[in-house]
Amino acid sequence: MIGKGILQGLGVTFRHFMDTYLEDIRAGKKRYRTADGIAARRSADTRGIFTIQYPEEKMPVPELFRYVPILLYEEDENGEKEYRCTACGICSKVCPPQCIWIVRTVNPETGRPLPNPEEFYVDIDICMNCGFCEEFCPFDAIKMDHDYELSNYNRFENHIIDLEGLGRPISYYAGIKPGIFAEEEAARAQKKAEKAAKAEKKDK
Amino acid sequence: MTEANIRSSAVSESFIDHFPQGWLSLDDRDGYQGYIIEKDHLLEFARRLRDEHGYDYLSSITGVDYFPEDRMEVVYHVYKSTGGSGIEFKVVTGRDNPEVTSLVSLYDGANFQEREIWDLLGIWFEDHPDPRRILTWEGFAGHPLRKDWTEPYFEEDFKPFDSRWPEGRPERSEATNPFGDNVQFKDPFDPETWVYEGDDQVYEALRNEYSTKDEDLDVEQFIVNMGPQHPSTHGVFRMVVLLDGETIVGLKPVFGYLHRNHEKIGERNTFLQNMPFTDRLDYITSLSNNLGYALAVEKLTEVHPPERAEYIRVIMAELTRIINHLVAIGFLLNDLGAFFTPNLYGLEERELILDIFEAVTGSRMMCNYLRFGGVAHDVSSDHLKQINALVSERLPRKLEDFDKYLTGNEILRSRCEGVGVLTPEDALRLSVTGPLLRASGVPYDIRRADPYSIYDRFEFDVAWNVHGDTYDRFLVRLEEIRQSIRIIKQALRDIPDGPIQTGKVQHQARVPAGESYGRIESPKGELGYYIVSNKKPNPLRYHVRAPSLINLSALEIMCRNQKIADAVVILGSIDITLGEVDR
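Note that the protein sequences, when read in sequence, are chains Y and R.
For reference, each letter of the first sequence is one residue, going 0 to 203 in numbering that gives the first Met the number 0.
For reference, each letter of the second sequence is one residue, going 0 to 582 in numbering that gives the first Met the number 0.
Heads up, a few of these hints could be off.
A short, non-exhaustive set of chain Y residues, derived as facing chain R with CB atoms under 8 Å [claimed, not checked]:
#1 Leu21
#2 Ala26
#3 Phe64
#4 Val67
#5 Asn128
#6 Leu149
Label-pair ranges, simulated between beta-carbon atoms [said to hold, decoys possible]:
#7 Glu148/Y / Leu343/R: 24 to 30 Å
#8 Gly497/R / Ala195/Y: 43 to 49 Å
#9 Asn153/Y / Thr246/R: 41 to 47 Å
#10 Thr149/R / Ala38/Y: 40 to 46 Å
#11 Leu343/R / Lys197/Y: 56 to 62 Å
#12 Pro190/R / Asn153/Y: 48 to 54 Å
#13 Tyr451/R / Ile5/Y: 41 to 47 Å
#14 Asp202/Y / Pro511/R: 53 to 59 Å
#15 Asn153/Y / Thr175/R: 18 to 24 Å
#16 Asn153/Y / Asp29/R: 23 to 29 Å
Simulated from the structure, these hints should not be mistaken for laboratory data.
Where a beta carbon is used, it is the ideal one built from N, C-alpha and C, also for glycine.
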């Protein structure tokens with residue numbers, strides 16, 4: 000019968016249309032602007048239209064999500080920032096689009112390099128969000144941020160971010176990636192213990 | 000010579016005997032395979048290879064520049080459409096005015112690829128029917144893939160650049176290297192007084208090939224440009240069509256608007272740095288692109304990923320295939336005029352898969368997930384459950400919906416059936432691959448014909464059909480989604496625990512000297528990576544055999560004698576991504 004296929008297709012569309020309303024009625028106010036509602040709309044058994052109403056609602060990003068790099072620092076009692084970065088340069092070497100610039104600190108008396116960065120820049124216009132810097136950093140110093148709302152009015156002034164702008168306290172990182180953070184800290188503690196044990200052995 | 004080399008040469012010595020003496024010799028450089036053909040006998044050799052030995056499918060042609068040596072090579076990879084491994088042969092020429100016989104008379108699929116080599120490497124192909132530039136524009140000076148050619152914002156030959164560390168203060172390349180000072184123009188060329196005449200070449204080529212004059216009737220055929228704006232939401236692409244009324248007499252695709260010389264960038268990069276760039280080739284199927292590249296490099300380094308990583312790769316690649324086909328079907332329907340409703344049904348499912356990609360790889364589209372010898376992150380059991388829920392419940396249900404919604408739809412059928420027919424002979428001659436080839440009645444799927452990774456362990460059917468029209472391509476894609484679901488289910492059942500990486504990932508991958516050609520059945524067709532390494536951290540040559548580009552060579556023949564409104568549908572049924580076509 001001619002038209003059967005079209006009618007069937009219209010049926011599918013109609014069901015999809017109705018599903019949205021039925022879901023809305025069934026879930027009530029919970030469906031929108033609540034974490035559960037968003038999670039339910041992203042699950043495999045969601046029905047109807049499941050658009051996330053950005054910017055009123057935001058999709059929670061997974062821990063591994065990566066955007067642009069940040070540099071982690073530890074804060075001591077005086078509020079002094081101590082960056083984890085040692086200016087080894089691995090991130091700037093592995094960076095595929097070469098968007099990382101580092102100036103290594105040099106001891107003015109001896110002329111020897113010191114293990115911290117004097118300046119550190121990331122050009123977020125060039126950054127391709129690949130995450131290699133995070134992956135290959137041996138000191139867990141450079142990490143990929145979760146903040147993806149970086150638009151602003153002047154790319155010439157604001158898109159090359161310096162050390163100050165890149166810096167984030169460790170607590171911030173622990174907040175956005177708790178699982179990964181715990182794993183890394185455990186690994187760091189283990190490494191430290193091994194190192195201490197080795198040093199002790201040497202002393203003896 | 001390694002053991003493998005000796006073994007292959009024992010076989011190949013006898014192959015050489017099939018041809019008159021002096022025609023070909025073994026390529027016995029360390030790490031190289033195949034034969035070197037005497038330039039004068041190339042055409043005859045290729046003809047015999049095709050007609051007597053059955054190598055009827057020309058997969059890839061590319062060139063290599065061995066600067067500072069005075070040596071350039073054109074590298075051919077040919078296969079049998081019945082399956083099995085292929086044969087590689089090369090022709091050697093000098094760097095000054097190199098010339099090689101064109102193979103277009105044997106394989107039409109050579110057409111675009113030879114134009115690309117002329118454009119990017121400056122090797123001229125004798126007897127080529129349409130020897131124009133293909134990716135760069137007509138006023139372009141030089142051939143960018145030559146090793147002594149430098150790009151406008153040139154900094155250094157190889158990454159990492161010295162200016163980044165330890166004294167790295169950022170400077171915008173525009174500031175140090177202002178536009179105008181560093182751009183070369185073709186001689187004599189003045190951008191101020193220049194009048195654009197590039198299109199005349201296209202029009203002339205079109206008229207030369209197709210124009211027919213009717214003696215009795217004074218009929219005027221006219222040329223219409225479709226594009227270069229998005230003619231049908233596929234990207235910046237232009238079709239120059241020669242029309243007789245509403246019927247298409249001839250057609251030339253024009254592309255390159257998104258050209259960024261991916262291969263040159265690749266040759267500046269280290270091997271690992273290239274991985275995220277492959278994501279950006281065909282941005283719908285980034286994980287397949289990763290896989291092809293990883294396989295090509297792993298062939299050289301002889302690293303084998305652990306079992307778990309292999310399964311993860313297969314699961315991810317098949318999810319990518321599902322995504323791609325959903326998008327392809329959706330946009331095909333868009334082209335048909337069913338504006339966005341079916342497309343969004345496809346995109347809905349894609350969204351759920353992308354959520355998984357985001358959780359596993361860190362990014363929705365630019366996944367950058369594979370590493371040489373494994374994958375970057377493990378897939379947790381939660382995510383495997385999520386994938387399982389998708390493939391065992393939701394996707395099959397949704398496919399049924401798709402079937403109900405589209406397959407029987409009278410409008411879709413009348414617009415697709417018998418439109419854009421491609422015969423199997425034409426398809427093979429044009430080196431067309433992927434769903435396009437299989438819909439034309441050639442069940443050639445690299446996963447089956449020349450298995451890579453662990454595809455030989457899975458049970459699946461090669462989806463194919465016999466009519467070769469747009470409707471069959473649609474059906475083949477639907478069926479391929481079902482087969483992908485089948486493969487993922489088996490992979491989820493069998494996936495073992497264990498490591499996901501052999502050893503630690505090195506950011507300076509050590510790649511022994513030699514060449515390799517890694518090819519996979521990407522959702523769009525055969526995706527091949529040809530890599531030459533000279534033991535340095537950067538590849539000497541990095542070439543992508545892009546399925547979208549080569550499948551486009553069939554556009555002309557499929558559109559001929561069709562109505563102009565159908566050209567858009569036919570383009571949609573090829574399923575191209577301009578990021579990959581233009582590279």
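Interface restraint verdict for Val67/Y against chain R (beta-carbon cut-off 8 Å) = violated, 12 Å
Check the following: the C-beta atoms of Asn153/Y and Thr175/R are separated by a distance inside 18 to 24 Å.
-> Distance hint for Asn153/Y, Thr175/R holds at roughly 20 Å.
Against chain R, is Leu149/Y within 8 Å by beta-carbon distance?
-> violated, 16 Å
Asn153/Y versus Asp29/R beta-carbon gap, inside 23 to 29 Å or not | Once the Cβ atoms are compared, 54 Å apart, the range 23 to 29 Å for Asp29/R and Asn153/Y is violated.
Kindly confirm whether 24 to 30 Å is satisfied by the beta carbon distance between Glu148/Y and Leu343/R.
-> holds, 25 Å
CB of Pro190/R to CB of Asn153/Y, is that within 48 to 54 Å?
-> violated, 30 Å
Could you tell me whether the CB distance from Leu343/R to Lys197/Y stays inside 56 to 62 Å?
-> About 60 Å separates the Cβ atoms of Leu343/R and Lys197/Y, which means 56 to 62 Å holds.
Supplied distance hint 40 to 46 Å, evaluated on CB atoms of Thr149/R and Ala38/Y = violated, 52 Å
Just tell me: holds or violated, for the beta carbon distance of Tyr451/R and Ile5/Y against 41 to 47 Å?
-> holds, 42 Å
Per the hint of 43 to 49 Å, is the separation of the Cβ atoms of Gly497/R and Ala195/Y within bounds?
-> Taking Cβ atoms as reference, Gly497/R and Ala195/Y lie about 32 Å apart, which means the hint is violated.
C-beta pair Asn153/Y, Thr246/R: status relative to the range 41 to 47 Å that was hinted = Since the Cβ atoms of Asn153/Y and Thr246/R sit about 53 Å apart, the hinted range of 41 to 47 Å is violated.
Restraint outcome when Ala26/Y is required to lie within 8 Å of chain R by C-beta distance = violated, 18 Å
When each numbered hint is compared with the structure, violations occur for hints 1, 2, 4, 6, 8, 9, 10, 12, 14, 16.
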